[in-house]
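Protein chains in written order, with the numbering used here: chain A, 46 to 833; chain B, 7 to 249.
In case anyone wonders, no lab produced these hints; they're calculated from the structure.
Be aware that a few hints might be false.
[Unchecked claim] From the structure, some residues in chain A lie toward chain B, with a derived Cβ separation under 8 Å:
| # | residue |
| --- | --- |
| 1 | Gly456 |
| 2 | Arg459 |
| 3 | Gln463 |
| 4 | Met467 |
| 5 | Glu730 |
| 6 | Ser732 |
[What the hints assert, rightly or not] Simulated restraints on C-beta separations:
| # | chain 1 | residue 1 | chain 2 | residue 2 | range |
| --- | --- | --- | --- | --- | --- |
| 7 | A | Val420 | B | Gln248 | 30 to 40 Å |
| 8 | A | Gln342 | B | Pro57 | 44 to 54 Å |
| 9 | A | Ser63 | B | Gln248 | 22 to 32 Å |
| 10 | A | Glu827 | B | Asp45 | 25 to 35 Å |
| 11 | A | Gln342 | B | Ser149 | 33 to 43 Å |
| 12 | A | Thr462 | B | Ile187 | 52 to 62 Å |
| 13 | A | Asn703 | B | Glu33 | 30 to 40 Å |
Note that this is a predicted model, so its numbers are computed, not measured.
Ideal placement from N, C-alpha and C gives every residue a C-beta, glycine not left out.
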Amino acid sequence: MIPALDRKLLRDLWRVRSMGLAIAVVVASGIALLVASLICFDSLETTRDRYYARNEFGDVFANAKRVPRWVAGSLDELPGVDRADTRVTAGVTLDVPGTSEPVNGRLISLPDSGRPVLNGVTLRSGRWPDPGRAEEAIVNERFAQGHGLELGDQVFAVINGRRQRLEIVGTALSPEYVYAIAGGDLLPDPTRFGVFWMARRHLATAFDMEGGFNDISLSLAEGAAPEPAIAELDRLLEPYGGLGAIPRAQQISHWYLQNEMTGLRGMALLMPMIFLGIAAFLLNVVLRRMVAVQREQIAVLKAIGYSNLRLGLHFTQWAVVVSVLGGILGIALGALMSAAMLNLYMEYFRFPDLIMRWSWGHILAALLACGAASVLGAAAAVKSVVRLPPAEAMRPAAPDTFRVSLLERLGLKRWLTQPLRMVLRNLSRRPARAAMSVIGIAFSASIMVLASAAMDSFEELMQLQFNVVQRQDVTVTFFEPEGRAAFYELASVPGVVEVEPLNGASARLRNGNRNRQVGIQALQPDARLQRVVGADYQPVRFDRTGLILSRKLADVLGVAPGDTLRVEALQGTRPERDMVVSATVDDLMGVSAYMEPEALRRFLSDSATMSGAALGIDPAARDSVYAALKGMPVVAGVALQHAMLESFETFVAENMNNTMAINLLFAMVIAFGVIYNTARISLSERSRELASMRVMGFTRAEIGVVLFGELAILTAAAIPVGLGLGYSMLAGMLAAYETELFRMPLVTEPGTFAWASAAVVVAMGLSAAVVRHKLNRLDLVEVLKTRE
Amino acid sequence: MNGNGSGANGGLAVSMRDVTKVYQMGEVEVHALRGVSVDLEVGGFLVLLGPSGSGKSTLLNILGGLDVPTSGQVLYRGQDLTRADEGELTRYRRRRVGFVFQFYNLIPSLNARENVELVTEISDDPLPAQEALDIVGLADRSSHFPSQMSGGEQQRVAIARAIAKRPDILLCDEPTGALDITTGIQVLEALERVNRDYGATTAIITHNAAIATIADRVVSLADGRISRQHVNETRAAASTIQW
Numbered sequence: 046m047i048p049a050l051d052r053k054l055l056r057d058l059w060r061v062r063s064m065g066l067a068i069a070v071v072v073a074s075g076i077a078l079l080v081a082s083l084i085c086f087d088s089l090e091t092t093r094d095r096y097y098a099r100n101e102f103g104d105v106f107a108n109a110k111r112v113p114r115w116v117a118g119s120l121d122e123l124p125g126v127d128r129a130d131t132r133v134t135a136g137v138t139l140d141v142p143g144t145s146e147p148v149n150g151r152l153i154s155l156p157d158s159g160r161p162v163l164n165g166v167t168l169r170s171g172r173w174p175d176p177g178r179a180e181e182a183i184v185n186e187r188f189a190q191g192h193g194l195e196l197g198d199q200v201f202a203v204i205n206g207r208r209q210r211l212e213i214v215g216t217a218l219s220p221e222y223v224y225a226i227a228g229g230d231l232l233p234d235p236t237r238f239g240v241f242w243m244a245r246r247h248l249a250t251a252f253d254m255e256g257g258f259n260d261i262s263l264s265l266a267e268g269a270a271p272e273p274a275i276a277e278l279d280r281l282l283e284p285y286g287g288l289g290a291i292p293r294a295q296q297i298s299h300w301y302l303q304n305e306m307t308g309l310r311g312m313a314l315l316m317p318m319i320f321l322g323i324a325a326f327l328l329n330v331v332l333r334r335m336v337a338v339q340r341e342q343i344a345v346l347k348a349i350g351y352s353n354l355r356l357g358l359h360f361t362q363w364a365v366v367v368s369v370l371g372g373i374l375g376i377a378l379g380a381l382m383s384a385a386m387l388n389l390y391m392e393y394f395r396f397p398d399l400i401m402r403w404s405w406g407h408i409l410a411a412l413l414a415c416g417a418a419s420v421l422g423a424a425a426a427v428k429s430v431v432r433l434p435p436a437e438a439m440r441p442a443a444p445d446t447f448r449v450s451l452l453e454r455l456g457l458k459r460w461l462t463q464p465l466r467m468v469l470r471n472l473s474r475r476p477a478r479a480a481m482s483v484i485g486i487a488f489s490a491s492i493m494v495l496a497s498a499a500m501d502s503f504e505e506l507m508q509l510q511f512n513v514v515q516r517q518d519v520t521v522t523f524f525e526p527e528g529r530a531a532f533y534e535l536a537s538v539p540g541v542v543e544v545e546p547l548n549g550a551s552a553r554l555r556n557g558n559r560n561r562q563v564g565i566q567a568l569q570p571d572a573r574l575q576r577v578v579g580a581d582y583q584p585v586r587f588d589r590t591g592l593i594l595s596r597k598l599a600d601v602l603g604v605a606p607g608d609t610l611r612v613e614a615l616q617g618t619r620p621e622r623d624m625v626v627s628a629t630v631d632d633l634m635g636v637s638a639y640m641e642p643e644a645l646r647r648f649l650s651d652s653a654t655m656s657g658a659a660l661g662i663d664p665a666a667r668d669s670v671y672a673a674l675k676g677m678p679v680v681a682g683v684a685l686q687h688a689m690l691e692s693f694e695t696f697v698a699e700n701m702n703n704t705m706a707i708n709l710l711f712a713m714v715i716a717f718g719v720i721y722n723t724a725r726i727s728l729s730e731r732s733r734e735l736a737s738m739r740v741m742g743f744t745r746a747e748i749g750v751v752l753f754g755e756l757a758i759l760t761a762a763a764i765p766v767g768l769g770l771g772y773s774m775l776a777g778m779l780a781a782y783e784t785e786l787f788r789m790p791l792v793t794e795p796g797t798f799a800w801a802s803a804a805v806v807v808a809m810g811l812s813a814a815v816v817r818h819k820l821n822r823l824d825l826v827e828v829l830k831t832r833e
Numbered sequence: 007m008n009g010n011g012s013g014a015n016g017g018l019a020v021s022m023r024d025v026t027k028v029y030q031m032g033e034v035e036v037h038a039l040r041g042v043s044v045d046l047e048v049g050g051f052l053v054l055l056g057p058s059g060s061g062k063s064t065l066l067n068i069l070g071g072l073d074v075p076t077s078g079q080v081l082y083r084g085q086d087l088t089r090a091d092e093g094e095l096t097r098y099r100r101r102r103v104g105f106v107f108q109f110y111n112l113i114p115s116l117n118a119r120e121n122v123e124l125v126t127e128i129s130d131d132p133l134p135a136q137e138a139l140d141i142v143g144l145a146d147r148s149s150h151f152p153s154q155m156s157g158g159e160q161q162r163v164a165i166a167r168a169i170a171k172r173p174d175i176l177l178c179d180e181p182t183g184a185l186d187i188t189t190g191i192q193v194l195e196a197l198e199r200v201n202r203d204y205g206a207t208t209a210i211i212t213h214n215a216a217i218a219t220i221a222d223r224v225v226s227l228a229d230g231r232i233s234r235q236h237v238n239e240t241r242a243a244a245s246t247i248q249w
């Protein structure tokens, strides 16, 4: 037997089911986001941790020019080191049949016997290379898929100017290339970067590394910090051209994965809070109205002996039922969403298998969040129930007190018809509720802005980087710093119309115990292709002496213009000197230090500094230029402007529509939930006066003005607030996501604002259409018979 | 006024013939009106008397174009209201009918004058709002909001609102039902004056038999039928009523 009060609860729930449903959907959206982010985060973390552990992913990584094999023995002795592994690795240019463009490749040695100690390779198809056969290699799976390479197919690596045939005998995955991206790229392009593992003895021969190595990985004992090992390793490698060791946190694949997971965790906190906050507000509005309508019932219940506690619970239960229903729906939706999101992640992050993690903790977190929202939402209504004295409640409520609204007092009165005055006075009588409605609707607009403007900013970054900073068609990097001969060699290639030398040196900048290994770039003040441009789009002016730092680098090192840094070159005779930071530049990709070319040459004692070149080419001669570059022994890597732009466009096409659709859906849920409930409450509060007006001869359209005028004003007020809010949220998000790899400029296209505004207006139209249906069925006779 | 003691000046404003109204209440059929024929003479003052449930509110709603009969005919100046659609009924109410309700039904967010202007803004040839308030004796209360007025004052604002459009027909549903005798008489006096000075055909429904003495004609309803109908030889002044 259900107690009578609970039966009343069920019937109340049923009576206002459409409002309850609208709120439940808002709750469900928030919970879905919460649950999906939590599941994704946990699944990625578990998948990553198990993969790293099983394949012994390193904790510290370093490269050097050439280290004799006997040094390997002392690696184990470094502080905190558990195990060490040495390899021969090389960046090469690949010639893939069917592709005219040179492709960047990385060759990595496999032990001649046994498997790697660290950074284990997971074979996905085929077999391991036969150590006796120089041409056999296994390739990373995505590259094989990207080029449609089958076992037995061949590609060519250009090693020291010789075309070396590589025969694919297997495909593989590696924890080092979960996110397989070539240095300097923003997005992984499976066709532009290939990793090949082959027998060490052949790779060593090809690169003059017999009896030596150039790549070191260390794993640390549990709990050991990487810094002491890094410091000792750098000291150990210094005589052998050490290029500076990095901890796992700076390993590029790991960094991208970590960055994504940090974003997920942010989403798991922020977005559900917005949704549940709005749900709490809506519950508050609906419940307060319910208490107002049920004044007399509450008085009767109190009169016959129900306690304040029981009645307070009665109304809280309504909120709890609505939000728990929404919560359950949200948990189910979140589980589905997480599967879709993880699928998408697996497109970019490659693991041998995905471990989907689903815990009761997620459900508990979701239900607790729902409970908090419902209690928050019910609090004000329950307070008014408790406060209502039984005798007082038996009398009808006093008429609402109104006053002339601010706009009218400002002298606009004579332009306002009576229905418009009704709208304005009603809004100004409950300013807090109007403000909350505005904020609620504004959040929906801001979500739209955020989603779309993040794309705008990313697009702007690409445009700035590839149309303003790097205006070359091709960027070539050399194995070793080269002299003028390389410049002339490039300039003489038919089809190359412009060559700009890129001078630079690898160096470590040190300020106290903070340090970073970066490239110092020397750029000609009159550079036309590769330039140094700040976020203000203006090329940076160089002075003769100082060092210009990326602002982000200055922040990381804790220096400002005027401060002095210790600069240690990591090439040539490895000179060291103190230099003054003369300025910082708001560049957007990577972090660099910049110097005037002559100053750099003096610092490096005249050794060769040309580390690469920027080329302008004749589009008609593209294929012959590519062919020539593939055959040049000095060329270690070739970056193609058009390929980077294409992979960006593919990324946008693949993600833009999904992201926009999902955000549009969420924004609409919020907008509809807020506007629909506002309209329904308004209709309930004013059905009597609207019916009176109908009786007096006002048409449906005319009374519609009173009801929908209010919605239109709230929406119109909310749109600019929402656009501003979205812009600030974007600014906050971009600042939070500012990294050493890239910083996105804060831009929003006018279309983004138009799009967000339009979505909110459509949501208002939908809500109005649904409420209009109810308005048309207003019972004129019934409403007039009784006092409210 | 004409010589036969009736305020009616000839012709029919509304004519109802054999009107029935059946409501379906759940599984029960409620016969609210069972073949009622009533005429409203132009300029006349009619009181419809009857206990609750007698069908008088249904009759008033049909007269006012808020409801349509199940069968029978309702003619307004020859126009058949039973065949009118939603839009035509809205226009009928807007142009021809003024309503006064038991619970006033003022718009709380509008002050007295604005409540009247609500109607004058959508009428073709209205009285100035201030004049309408003057007629009901509330010229000095025009900027008060409903929450600042007594029940009698609110009801007089409602009358001012009803007459401001210069309606052909003024329909009042228990206009004094929620008022004490003093304020009730003020309200009736206002209705009397509007009928006399502006010639609005007036119909009041009430269960208060004392009010019947101020009418030209009294129709009593019981159980959905007309039980009694008579013409007052002389109309009593509202100020003389006792209840």
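Point to revise | Satisfaction of the hinted span 22 to 32 Å by the C-beta atoms belonging to A:Ser63 and B:Gln248 | key: Violated - the Cβ-Cβ distance for A:Ser63 and B:Gln248, about 52 Å, lies outside 22 to 32 Å.
Practice item. Could you say whether the range 52 to 62 Å given as a hint is met by the Cβ separation of A:Thr462 and B:Ile187? Key: Roughly 38 Å apart at Cβ, these two residues miss the hinted range, so it is violated.
Point to revise | Hint status (Cβ of A:Gln463 to nearest Cβ of chain B, threshold 8 Å) | key: Holds - the Cβ of A:Gln463 comes within 8 Å of chain B, reaching about 4 Å at its closest.
**Study point:** Cβ distance range 33 to 43 Å for A:Gln342 and B:Ser149, holds or violated
**Key:** holds, 36 Å
Check your understanding: For the pair A:Val420 and B:Gln248, does the Cβ-Cβ distance stay inside 30 to 40 Å?
Key -> For A:Val420 and B:Gln248 the Cβ distance comes to about 59 Å; the hint is violated.
Exercise for review: Identify whether the interface hint at A:Glu730 stands, where standing means a beta carbon of chain B within less than 8 Å of its own.
Suggested key: At 10 Å from the nearest chain B Cβ, A:Glu730 fails the 8 Å test, so the hint is violated.
Point to revise | A:Met467 as an interface hint toward chain B, with CB separation required under 8 Å | key: At 5 Å from the nearest chain B Cβ, A:Met467 passes the 8 Å test, so the hint holds.
Point to revise | Evaluation of the interface hint that places A:Gly456 against chain B, nearest CB under 8 Å | key: violated, 16 Å
Review point. Can the suggested window of 25 to 35 Å be confirmed for the beta-carbon pair A:Glu827 and B:Asp45?
Key: holds, 28 Å
Exercise for review: Would you settle whether the hint for A:Ser732 is holds or violated, based on the nearest Cβ-Cβ distance to chain B being less than 8 Å?
Suggested key: violated, 11 Å
Point to revise | Supplied contact hint for A:Arg459, tested at 8 Å Cβ to chain B | key: A:Arg459 check fails; min Cβ-Cβ to chain B is 12 Å, beyond 8 Å.
Point to revise | Whether the CB-CB distance between A:Gln342 and B:Pro57 falls inside 44 to 54 Å | key: With Cβ atoms ~28 Å apart, the hint is violated.
Against the hints set out earlier in the document, violations occur for numbers 1, 2, 5, 6, 7, 8, 9, 12, 13.
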